[in-house]
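In terms of our numbering, the numbers along the sequence shown are unbroken and rise by one, the last being 409.
Think of the hints as simulated: they come from the structure by calculation, not from any bench. There's no promise every hint is true.
As the list claims (entries may be wrong) - With a straight-line cut-off of 27 angstroms between C-alpha atoms, the simulated DSSO-like cross-links for lysine-lysine are:
| id | residue 1 | residue 2 |
| --- | --- | --- |
| 1 | Lys268 | Lys37 |
| 2 | Lys62 | Lys181 |
| 3 | Lys370 | Lys383 |
| 4 | Lys138 | Lys164 |
| 5 | Lys191 | Lys181 |
| 6 | Lys368 | Lys383 |
| 7 | Lys133 | Lys156 |
| 8 | Lys162 | Lys191 |
| 9 | Lys268 | Lys57 |
| 10 | Lys376 | Lys62 |
| 11 | Lys268 | Lys138 |
| 12 | Lys245 | Lys268 |
| 13 | Lys138 | Lys189 |
| 14 | Lys355 | Lys383 |
| 15 | Lys164 | Lys133 |
Claimed, not checked - Taking CB as the label site, the calculated pair distances span:
| id | residue 1 | residue 2 | range |
| --- | --- | --- | --- |
| 16 | Lys181 | Asn266 | 24 to 34 angstroms |
| 17 | Pro366 | Ala388 | 41 to 51 angstroms |
| 18 | Arg303 | Glu395 | 45 to 55 angstroms |
| 19 | Glu298 | Ser378 | 29 to 39 angstroms |
| 20 | Gly130 | Glu306 | 18 to 28 angstroms |
Where a beta carbon is used, it is the ideal one built from N, C-alpha and C, also for glycine.
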Amino acid sequence: MEVTNNITFESLGLSEQMLKALEKKGYGYPTTIQAEAIPEFLAWKDVIAKAPTGTGKTFAFGIPMIEHVEPEAQEVQGLILAPTRELAIQIGDELRGLLTYYNGIRVAVLYGGTGIGGQLKQLERKPQIVVATPGRLMDHYNRKSIRLDKVKTVVLDEADRMLDMGFFKDVTRIIEKVKNRKNLGLFSATISQEVMTVSWMYQRDEVEITVEPKQEDRPDIEQFSLTCTPLEKAEKTLRLIRTQGYERVMIFCNTKHMCQRLCDDFQRAGLDCECIHGDVRQNLREKTMQRYREGSLPVLVATDVASRGIDVDDVDCVINFDVPEENEYYVHRIGRTGRARRKGVAWSIIGNFPEKAKLDEIAKFSHYTVKPMVMAEDGTLTEEEIKTPPAPKRRFR
């Protein structure tokens with residue numbers, strides 16, 4: 013995560029409460045996206061920001077949103093839309109962490125897949141900031157359990173993914189219902205055609221911010237691969253976790269079925285392990301995430317749907333049990349480790365030639381170096397010797 017050298021949070025003109033909360037959380041300097049976006053948001057400007065994952069986007073819009081809230085007013089003043097419930101919960105947690113020294117500012121988090129009763133209770137407490145998935149927000153709006161007429165700031169986090177998931181109509185409908193909006197922020201890893209359309213329709217004199225995934229901006233992650241037969245993958249992964257002494261591991265699978273199967277296999281082998289994927293009930297997903305965040309669950313197996321919504325600062329190791337289909341997914345997955353300026357480790361377990369070809373393509377596309385390793389029976393790791401193919405023999409006629 014790149015940090016701007018000469019800009020401090022103090023120099024951005026933040027309140028005493030906010031500076032104390034940031035100090036308590038151990039943040040001394042803003043990242044590039046924070047240093048560039050916070051002043052624009054504080055000045056009520058529209059912002060469209062393209063920034064890779066793990067660059068501190070939540071604080072970039074969360075800090076100025078909190079600074080703008082009038083605590084004595086009982087209406088919703090800030091609205092953040094997120095594509096998944098995991099991301100919505102994570103943003104809510106981060107905002108509450110920033111509110112440690114504030115009195116009277118409340119945050120509500122609204123998402124589908126769970127009963128509406130608890131969320132109605134949150135709304136009865138008159139929150140000034142609401143984080144929501146678009147579908148559930150529309151449910152509450154139609155029930156008249158939330159009003160949007162006093163909202164001043166709207167932010168779309170992971171706008172590309174949200175619009176890609178088919179929320180375009182819901183999102184535009186929500187923006188149009190915020191009649192007294194002062195500014196709109198769009199945060200996205202990629203600026204897709206749909207993001208451009210929303211910007212063109214609803215932003216005025218927007219400030220464009222781009223944080224390139226430069227080398228120094230990237231987390232410090234060592235990347236390795238292990239090749240084995242498809243049937244050995246689970247056993248190799250288990251041995252890797254046990255012999256390397258990793259205390260907090262995230263394992264990614266491409267399908268819900270594989271995710272569940274691997275988790276069951278590991279539990280039978282005596283590993284303290286849980287999984288989250290689309291078929292796991294929401295209350296169970298939240299309990300699992302809570303255990304993982306607290307550090308009492310050492311191994312979490314997940315699909316990509318869950319990967320973006322997980323923000324845990326000290327994941328020791330990410331393991332790609334399946335090499336992902338998309339380059340972007342690989343970047344998001346391994347971005348869960350090496351955060352908060354720690355060194356991270358990422359492993360890819362390769363079971364066939366197509367997976368190897370895919371990993372080679374991802375490494376080339378993303379300018380990563382992935383070292384192939386060999387694991388001995390006792391778990392000792394050595395670098396694989398890359399055999400150079402013999403020079404072709406010249407044939408003389």
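Now the hints, each set against the structure:
Among the hinted pairs, Lys268 with Lys37 is inconsistent with the structure: their alpha-carbon atoms are about 35 angstroms apart, more than 27 angstroms. Straight-line distance between C-alpha atoms of Lys62 and Lys181 comes to about 22 angstroms, which keeps the hinted pair within the 27 angstroms bound. At most 27 angstroms may separate the alpha-carbon atoms for a hinted pair to count; Lys370 and Lys383 meet this at roughly 15 angstroms. Taking the CA atoms of Lys138 and Lys164, the gap is about 16 angstroms. The hint holds against a cut of 27 angstroms.
Using a Cα cut-off of 27 angstroms, the hinted pair Lys191 and Lys181 holds, with the two alpha carbons roughly 17 angstroms apart. The suggested pairing of Lys368 with Lys383 holds, with an alpha-carbon distance near 12 angstroms, which does not exceed 27 angstroms. Note on Lys133 and Lys156: the hinted pairing holds, with a Cα-Cα distance of about 14 angstroms set against a maximum of 27 angstroms. For the proposed pair Lys162 and Lys191, the alpha carbon gap of about 8 angstroms is at most 27 angstroms, so the pair holds.
The suggested pairing of Lys268 with Lys57 is violated, with an alpha-carbon distance near 41 angstroms, which exceeds 27 angstroms. This hinted pair checks out: Lys376 and Lys62 have alpha carbons roughly 22 angstroms apart, not beyond 27 angstroms. A hinted pair counts as satisfied when its Cα atoms are at most 27 angstroms apart, and Lys268 with Lys138 does not qualify at roughly 38 angstroms. The suggested pairing of Lys245 with Lys268 holds, with an alpha-carbon distance near 17 angstroms, which does not exceed 27 angstroms.
For the proposed pair Lys138 and Lys189, the alpha carbon gap of about 19 angstroms is at most 27 angstroms, so the pair holds. Distance check on the hinted pair: Lys355 and Lys383 sit about 16 angstroms apart at the alpha-carbon level, within 27 angstroms; holds. With a C-alpha separation of about 23 angstroms, the suggested pairing of Lys164 with Lys133 holds against the 27 angstroms cut-off. Judged by the Cβ atoms, the range 24 to 34 angstroms given for Lys181 and Asn266 holds: they are separated by roughly 29 angstroms.
Between Pro366 and Ala388 the C-beta distance comes to about 26 angstroms, which lies outside the given range of 41 to 51 angstroms. Taking the beta carbon of each, Arg303 and Glu395 are about 35 angstroms apart, not inside 45 to 55 angstroms as hinted. For Glu298 and Ser378, the Cβ-Cβ distance of about 32 angstroms falls inside the hinted range of 29 to 39 angstroms, so the restraint holds. About 21 angstroms separates the C-beta atoms of Gly130 and Glu306, a value consistent with the hinted range of 18 to 28 angstroms.
Violation of the numbered hints given earlier is confined to hints 1, 9, 11, 17 and 18; the remaining hints are satisfied by the structure.
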